[in-house]
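Use the sequences and the hints to build the structure in full.
4 protein chains.
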Amino acid sequence: MIISRKRLAHIVFESEDAASKRFDVALLIAILGSVTITILDSVSSLHNAYGSVFYVLEWSFTILFTIEYFLRVWLSRRTMGYVLSFYGLVDLLAILPTYISFFVVNSHFLAVVRALRFLRVLRVLKLGRYLREAQVLTEALYNSRLKIQVFLGSVVTVVLVMGTVMFFIEGPESGFTSIPTAMYWAIVTLTTVGYGDISPATPLGQFMASLIMLLGYAIIAVPTGIVTSEINASQKRQLDQQRGCHTCNAKGHDEDAYHCKYCGTRL
Amino acid sequence: MIISRKRLAHIVFESEDAASKRFDVALLIAILGSVTITILDSVSSLHNAYGSVFYVLEWSFTILFTIEYFLRVWLSRRTMGYVLSFYGLVDLLAILPTYISFFVVNSHFLAVVRALRFLRVLRVLKLGRYLREAQVLTEALYNSRLKIQVFLGSVVTVVLVMGTVMFFIEGPESGFTSIPTAMYWAIVTLTTVGYGDISPATPLGQFMASLIMLLGYAIIAVPTGIVTSEINASQKRQLDQQRGCHTCNAKGHDEDAYHCKYCGTRL
Amino acid sequence: MIISRKRLAHIVFESEDAASKRFDVALLIAILGSVTITILDSVSSLHNAYGSVFYVLEWSFTILFTIEYFLRVWLSRRTMGYVLSFYGLVDLLAILPTYISFFVVNSHFLAVVRALRFLRVLRVLKLGRYLREAQVLTEALYNSRLKIQVFLGSVVTVVLVMGTVMFFIEGPESGFTSIPTAMYWAIVTLTTVGYGDISPATPLGQFMASLIMLLGYAIIAVPTGIVTSEINASQKRQLDQQRGCHTCNAKGHDEDAYHCKYCGTRL
Amino acid sequence: MIISRKRLAHIVFESEDAASKRFDVALLIAILGSVTITILDSVSSLHNAYGSVFYVLEWSFTILFTIEYFLRVWLSRRTMGYVLSFYGLVDLLAILPTYISFFVVNSHFLAVVRALRFLRVLRVLKLGRYLREAQVLTEALYNSRLKIQVFLGSVVTVVLVMGTVMFFIEGPESGFTSIPTAMYWAIVTLTTVGYGDISPATPLGQFMASLIMLLGYAIIAVPTGIVTSEINASQKRQLDQQRGCHTCNAKGHDEDAYHCKYCGTRL
Chain A
1 MIISRKRLAH IVFESEDAAS KRFDVALLIA ILGSVTITIL DSVSSLHNAY GSVFYVLEWS
61 FTILFTIEYF LRVWLSRRTM GYVLSFYGLV DLLAILPTYI SFFVVNSHFL AVVRALRFLR
121 VLRVLKLGRY LREAQVLTEA LYNSRLKIQV FLGSVVTVVL VMGTVMFFIE GPESGFTSIP
181 TAMYWAIVTL TTVGYGDISP ATPLGQFMAS LIMLLGYAII AVPTGIVTSE INASQKRQLD
241 QQRGCHTCNA KGHDEDAYHC KYCGTRL
Chain B
1001 MIISRKRLAH IVFESEDAAS KRFDVALLIA ILGSVTITIL DSVSSLHNAY GSVFYVLEWS
1061 FTILFTIEYF LRVWLSRRTM GYVLSFYGLV DLLAILPTYI SFFVVNSHFL AVVRALRFLR
1121 VLRVLKLGRY LREAQVLTEA LYNSRLKIQV FLGSVVTVVL VMGTVMFFIE GPESGFTSIP
1181 TAMYWAIVTL TTVGYGDISP ATPLGQFMAS LIMLLGYAII AVPTGIVTSE INASQKRQLD
1241 QQRGCHTCNA KGHDEDAYHC KYCGTRL
Chain C
2001 MIISRKRLAH IVFESEDAAS KRFDVALLIA ILGSVTITIL DSVSSLHNAY GSVFYVLEWS
2061 FTILFTIEYF LRVWLSRRTM GYVLSFYGLV DLLAILPTYI SFFVVNSHFL AVVRALRFLR
2121 VLRVLKLGRY LREAQVLTEA LYNSRLKIQV FLGSVVTVVL VMGTVMFFIE GPESGFTSIP
2181 TAMYWAIVTL TTVGYGDISP ATPLGQFMAS LIMLLGYAII AVPTGIVTSE INASQKRQLD
2241 QQRGCHTCNA KGHDEDAYHC KYCGTRL
Chain D
3001 MIISRKRLAH IVFESEDAAS KRFDVALLIA ILGSVTITIL DSVSSLHNAY GSVFYVLEWS
3061 FTILFTIEYF LRVWLSRRTM GYVLSFYGLV DLLAILPTYI SFFVVNSHFL AVVRALRFLR
3121 VLRVLKLGRY LREAQVLTEA LYNSRLKIQV FLGSVVTVVL VMGTVMFFIE GPESGFTSIP
3181 TAMYWAIVTL TTVGYGDISP ATPLGQFMAS LIMLLGYAII AVPTGIVTSE INASQKRQLD
3241 QQRGCHTCNA KGHDEDAYHC KYCGTRL
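Protein chains in written order, with the working numbering: chain A, 1 to 267; chain B, 1001 to 1267; chain C, 2001 to 2267; chain D, 3001 to 3267.
You can take every hint at face value.
Simulated coverage check for chain B against chain A, where a stretch passes if three residues somewhere in it have a Cβ under 8 Å from a Cβ of chain A: (1) 1158-1170; (2) 1183-1196; (3) 1206-1214.
If you want the ones that stay clear, here's a sample from chain B, every Cβ over 10 Å from chain D, calculated: (4) E1014; (5) S1020; (6) Y1050; (7) F1054; (8) T1066; (9) L1089; (10) A1115; (11) L1119; (12) G1128; (13) R1145; (14) E1173; (15) T1177; (16) A1218.
These are computed hints drawn from the structure, not numbers from a lab. Since we're looking at a predicted model, the values are computed, not measured. Note that CB positions come from ideal geometry on N, CA and C, so glycine has one too.
Right, dumping it as structure tokens:
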């Protein structure tokens, strides 16, 4: 069976008819399967038992993704446009490590090979193509970038000042061995993660830590507030785009409205 | 005293008059009592001291629930409809384990018997009948399923990528023995639980962990935002149902509406 | 200087003129001082060094609060009304422990005496009189009691089911010694506190724990959503109570508005 | 090249033309560089290896900031106004420690010198000049100061009462050595940080701790609610400032307004 190049491009790039949907599902399964194998391969007991099976499967997936990559290169209207695009680079990154690890035979670079093997996990980024909703989130983040900057600036300042203060009060005995370590502790505390690998031992240190926790809680409430009001705003924007009254020009009518709620004109 | 089948069905299935309310309360007490006994029985000191009391009580509750089950089967208009419904299965699950554990006399299956004994805790699901408010929450969850999918997708991607990165930076010495373990650590960190059973020890690992915490805090703020705007929306919907139009009797007008949105009458 | 009973009642119960304000401030200082001493007395090194000073100060505060109590009893219009009121009981509770501990000379009741000594910390509740803003919060809690019930019901169910499941998967080796302990762990995890005194050790347990964390995060987002929408609603209620237009009856005008924003009538 | 005093004052105090922007950027780099060096100097391995390099760089930055300080003093219209202003004191604090540590040659004051060395980290406060957005946050905090007071009052009361209760139930064996320590634990738990350095060991203590966590979660949801509604309000205020009346030129009309709220003109 021979299919035209145009038909093939349609199957690869669109997702409307049955054939292209089947292509998308196959790709999705290949990505998830490949990532799962990389994860399982990192468990040493599984690596010892099924290492060779994983190796064969890994090469199968890599060859499949290689075919997909060259199909996309060949079928793109502007070849370099695809190759240099974000997903073009992600697609390349998804196949390169396996080939490089094959050519690095020198045992001195074993660590590199090992690292390359796990880089394959980044194939999960290929899934980004199917996450159209993510764009809304990205836009929301972009809209509130100024607030996020102020928030991050405040967090960094609090972390810096509090880290330095705790480095003095507690000192190396309680694990506050340097300002960077104390700053790491301050972030662990501010974000309420609280591992407990480093924790204040002196009464003054515990008092200061309590202040940081309460102060930090107020600061850390900010991202939630930002996200909530962004979601509210985007919902309102959707509502506003619905329908306008041609008499009084008012917007924001309910979906089931027959008359303008302000002037009574039939919509 | 003999009561008609219809009257009995009313007592069992409705909760309007005194008799059916008393039936509901008795069932509620039986469920809570039975679950409490299962919980207490799991404490080894209490099991050793009062094991036989628990055993007798457990059988009493089971016989009671068995009678309830057969009553419901007999009184249902469509017997199979009830047996195969969600609460029909829950009711069956609430009595089966005790009977099975009675017939498994072979000591090889002790673990199974023990497991069955604690399965009884699921009787708490029988309470679901009385939680009518829960439907609102379920609806809210259903309405925001798209946002929840994007959120969970982002969390899984961040957890996967960060888990792999930390598995490299820290390695087995700090407890990051495999990618799944590192992913477990990433979830513990992202959700700000922070047990501290696994925590980064190298400066680079601590720096990356700090980034994950701050990044994670932004991502994790999303469910709060979703829930808040859903609650706001549901409150607005309740408010909207209050005002009615005196011409067409329609409800659901906005607070600032002057005209009925269906017929245009001045409100 | 002799002052009338009426004047004294005014000083004790009101807080308008200079004398009654001075009475309030003196009482406030006495409460804070007394609570501070109780706290400091619990630190064994301070108790050993300054125990006798604390003892004298404690008796001074107690005598002061006793005088205040009998003043209030004498000056109240309805004596029993005050004695049996919430603050009447709190005021009694604030002086009783010290007297009882004085009469318990028998060394067998030392633990009781010690307990009574620290009960004095509850004197902080006397401060409630000055927290008029707290009423708004109490009202907000009352308004959302139905949502809080559903929320707590869901939390208890999740904690019960997940506690039982983890008790099976992990068992006593990882610290999950009984269902109550496992439920304690589930609450520590759901609320993202995460002490780490008990944490899952098996892969399956860590997977289940990850699910609980993500599930729990969604559930735990609910109180924030409830509180946020309650605050929004109370702010809106304040706004709505401001001014209405006498032509179109519309409310919600800004504080600085001269004309109705809907019909243009001069307000 | 000689430039007038007026021109210099413009470069130092304004940030409009190229020269003054370059001055700002140079100062920014100097601040960040100086703080970075102070942080790195606190890591003992880096201090041993590069201590002398840090010493030279530190003096260079100090001399630079000294020149900046005297420039500002000389160029200010009201000299004492600058010296006693917030940023005047911060600028002085940024140079003093290095000079004092130079004159303290007596080895008995080594701890003081060490402390002074790290005080330099506070130079980060000089950055405040560039954070104009922070004013919005400060204003939001000021607007909700009453709510924050009630919130902090509730937290302190809960922490005090719960700390005392847990001090009794658990006692010194589980780490609850005094009421202040128990209060530190209560804050660590309420803010969901949960280090795990102190955690309840008795069943009753674990039950009480569970109650505190759930209670605490409700209380701690309040700051998020406050921040969210403040952000919403400030966004609304920004939006309100957009639409203007073409008769009286007033701004700040609501989105749904038909008439100018000041002069009644149809918008």
